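*Asks:* This is what each chain is made of:
2 protein chains.
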Amino acid sequence: MSRQTVRVTFQPEGRAVFVLAGTTLVEAAGQAGIVLSQPCGGEGTCGKCRVEVLENAPEPTDADRRHLSPSELAAGWRLACQLSVGADLVVSVPQETRFFEQMILSEGESCQYPFQPNLRKQLIDVPPASIEDQRSDLDRLKAAIGNGALRADLSLIRALPGLLRSGPQPLTAVLEGDEIQWLEPGDTTGGLWGIAFDIGTTSVVGTLMDLTDGSSRCVASRTNPQVHFGDDVVTRIGFAERTPDGLDRLRKRLLTGLNEIIEEVCDTAQIEPEAVYEVVAVGNTTMSHIFLGIDPSPIAHAPYVAVCRGAVDLKAVEAGLEVNGNANLHVLPNIAGFVGSDTVAVVLASGMALRDEPTLAIDIGTNGEVVVGNRRRLIACSCAAGPAFEGARIRHGMRATDGAVSKVVLNAGIEVGVIGGGRAAGICGSGLVDAVAELLSAGVIDETGRIADPQSAAHLPDRLRRAILEFEGQPAVVLVEAADSRTGQPVLLTQKDVREVQLAKAAVHAGIEVVCRELGLDPREVPRVLMAGGFGTFIRRSQAQRIGLLPAVPTDRIESIGNAAAAGAKVVLACTKCRAEAERISRETEYVELAARPDFQTAYMEAMTFPPRA
Amino acid sequence: MSRQTVRVTFQPEGRAVFVLAGTTLVEAAGQAGIVLSQPCGGEGTCGKCRVEVLENAPEPTDADRRHLSPSELAAGWRLACQLSVGADLVVSVPQETRFFEQMILSEGESCQYPFQPNLRKQLIDVPPASIEDQRSDLDRLKAAIGNGALRADLSLIRALPGLLRSGPQPLTAVLEGDEIQWLEPGDTTGGLWGIAFDIGTTSVVGTLMDLTDGSSRCVASRTNPQVHFGDDVVTRIGFAERTPDGLDRLRKRLLTGLNEIIEEVCDTAQIEPEAVYEVVAVGNTTMSHIFLGIDPSPIAHAPYVAVCRGAVDLKAVEAGLEVNGNANLHVLPNIAGFVGSDTVAVVLASGMALRDEPTLAIDIGTNGEVVVGNRRRLIACSCAAGPAFEGARIRHGMRATDGAVSKVVLNAGIEVGVIGGGRAAGICGSGLVDAVAELLSAGVIDETGRIADPQSAAHLPDRLRRAILEFEGQPAVVLVEAADSRTGQPVLLTQKDVREVQLAKAAVHAGIEVVCRELGLDPREVPRVLMAGGFGTFIRRSQAQRIGLLPAVPTDRIESIGNAAAAGAKVVLACTKCRAEAERISRETEYVELAARPDFQTAYMEAMTFPPRA
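Chain order of the listed sequences is W and F. For the first sequence, our numbering assigns the number 2 to the initial residue and increments by one for each residue that follows. For the second sequence, our numbering assigns the number 2 to the initial residue and increments by one for each residue that follows.
No lab work stands behind these hints: they were computed from the structure. Just so you know, these numbers come straight off a predicted model, no measurement behind them. Any given hint could be a false lead.
The list cannot tell twin chains apart, which means a pair is met if one copy fits it or any two copies do.
Calculated cross-link-like contacts (lysine-lysine; reagent style DSS-like; alpha-carbon spacing at most 30 angstroms) [unchecked claim]:
#, residue 1, residue 2
1, Lys49, Lys497
2, Lys497, Lys253
3, Lys316, Lys253
4, Lys49, Lys316
5, Lys49, Lys253
6, Lys49, Lys578
7, Lys497, Lys578
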């Protein structure tokens, strides 16, 4: 019953995704992890989301004709928000169309975070000492670099006599802030690399960045190897508390994954891990604590505090990362025990702390972190949304990987989009939201969340009525029929699944309500709503609003910004001054503990039902 | 033939020395390592060198009566510079009479280096976290200390959850500059200790300082265990260059001595080495390099440069010192390859870089370091004086330890003072200077340095003439006759010994000449001359001038300031702001390489003969 699935390939990444025909190109790019800039919210009025369609360019739309010249149109340039994908496409996405790259790399006034990495290389020629010039080795080195106030670590000083007397070749100084990090023989100014890590509870992503120009070279990800010890942070903290060396075992597990990523990105870029001179990491507070070998147990018990809020700097090798022995590791600061540096990174990447108008940013994973505010005030909370949107506790739930139903459309019947384009194996968070929203609109599910009884669903079209069956004594909806009677299984949405969605969306909705009210703002009046994270990438805005997960703002105010935590880590790698900005965000963001707020309980109860049909 | 030897005991140290009757109390104190303040140069006009004679107080002098009240005189107070020791004495030296202590500890305008150690302890009460106060452990700790900008090392952060949850007891924070160094359970504010090391080529001295009040608790010293590998720095550098692991073996040898000193001073003060939270070290450039594991070989070969001039900070345990695991080690900066941090410490302790009038400071060991200047300009050089003044290459030479002839007086015959008061076993540097000076004045040695031939010395008094004999074909003078014909040996001054003295004093004299001229100063017009180091403590000013070692300034301008390098290390331990001052001295002092100066060669040749008789 599925609609046609088409393949869209994005360049220069070479990344391909399969989407249902009719999907916008912006949405397809999001599935490929590429977030396009859409200041107008996808209305086709700003002309910022321009891409070059290399194969199968469709007819230009009116909006295309308004914003692009005839020669551009002839060359295949189109606005991604207006392009409804109808056939296999190959699309090239320029840097200036990308949401985060634009932020880091563009020049001039629009550039919020200039490319100013903490590291730089400088080719130098240190004159030998002489009777006329008896300055010490280190003083001559500093003079050759042109800054007498630089600092140097004892390990460099120890290596200095050998390095300076190794022959007549020039040397390359690796400079980090006001410190001489190392000297390399010869001219190595061409190779200067950094890695930005986003350490999530479920998955870990590393991006290799060329620190000579700020471009992201390649990305690799792994399931966080700690999942072996439990799916969520509380279980892992429990393991650390109960098991001798538990913390260290968790830490070393994580390091296995991080070091595999380092190896993979270095292999892909054909560089040595020795050329990686700086690492930036973000994560939720528990992940950061474990990564740094800090006991996270206070986070798991009331009053749920972090041991360390601020940023931590240390040598990457001391943390166990297999990169250059002098590379610095910068772990961004947290906000609270359940709002970590990944949220600081989202705030940073979204630019919300620089604007006058308030932004509401939502990052939904196992927990939902919500931040609202502007450059003057930021308020955050953590909603115990539970893992429903990650596919856990859902009958046929799964993560947003190949085989997951990520899109559900009700037309003549139930049509689904499957990640990877193959056979449906289960349903992920965005598919779940779609399914519930569509079934709500069709009247299969009522406002209280009850699925219509098959016997009494006479008001429904035949095909929908036939999709309802009884499962474990309650009604359920067949989203995908079993493809194969022997091995295949149908993908169902059960009554219990709908209840899980209600609990999860109510937690997020109530959290949004509390922090917006704290700021004196009606959630329905927020000028800008950002959805971060994998879930936020796949979800459709109108559907999230239909089930009451997102506030009822005009849809064009809602943007999906993809893995903004990873983007924030890259911003900090590319732009040193962001470290101070991150510290400010960490220190000044007001954390609201929902468990202690009576108004949260009320809002939570009220948000449990679905909004009435429009 | 020796004059009467008397014993002087100094309190509160309880240190006793044996001196010839007639020695001034200032000189006796110097032999005990206690440097008294003498702004007037020992003329009895300033009244600053007041001490309390507890036993056998002699009759007051006129100067005593001018500067001390009748009740003070009755209580035994005297001016040390006017007191000629005639009998065994017990003397108490108050803090304000001590040269260096006065500098550090006095209050008000006269205080050049206020007591402001880098370390302090603070008793704190960190409130537990609550739902109303969800600040992180570290943020609550910083707030309890009262400074949110403090930094903390990862090792402290890792220990924090345990420390803050160890019970209801208060905690003591150990604060170092803007860093929280550690937390200790309970109230430990009473115990805060530091050690100042002076690492000499020949001996190593460590002083334990109570960092709650800046008082020196006890001192211990050892022969530098590296002497096993050679007497001078060049030999040791050669060992490091030729031997596999040579540098590391030298370093570990030194550490044995330093750790023995730490153990000894802690035993004496009855504290745990864990309570030592800061270490400051000075030494010549080679010793500092070896101590820090930096290859010193560039120092030994033209153009004789240091690898590292600036100060180095690291954890003391990383350098191998057995003190508190978080203690900082601060190694002071050097000036050049042959003018080390010990000279910076001398400049610092002497206060010469703070004054308008120029000071000439001379520290004679195996090398003689000379610095001249004032607060605007400082010029230094290193004179290859050779080890003659340390007793090396001298027929009966020995170091200034028990049994060394340290004073020689010609009266009816040759009278000698022996360190420790026992039998003479040899002669040390100050005895050598005395002997040459006295024999010059008596005409036994002529201006060219030739000892009178016994056959042709008819102009000499009988007793002197009889002291001259022939030794290995050249004349020699018997300073002490063999006490015992079977085991004893006489102490001779040979013609070759006199030549060694001429070479050594000419090097120092010419060095002084060059640096003073560089400053536009006639050496004979320098307003203040300071003699530092063990040799400088024992030497008599007029005798040093008699042989031409010191310039012919009025004697009252010359002061012996004892182990000023060790005192400088203590100053830095007691007064943090001195670190910046030391860096300024290190950076701004102009180093003159004598080997490259034609005017040095001329001055050296001219200084070879002795000054004519007055």
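*Asks:* Against the structure, test the hints numbered earlier, and report the numbers of the ones violated in rising order.
*Replies:* Of the numbered hints, 1, 2, 4, 5, 7 do not hold.
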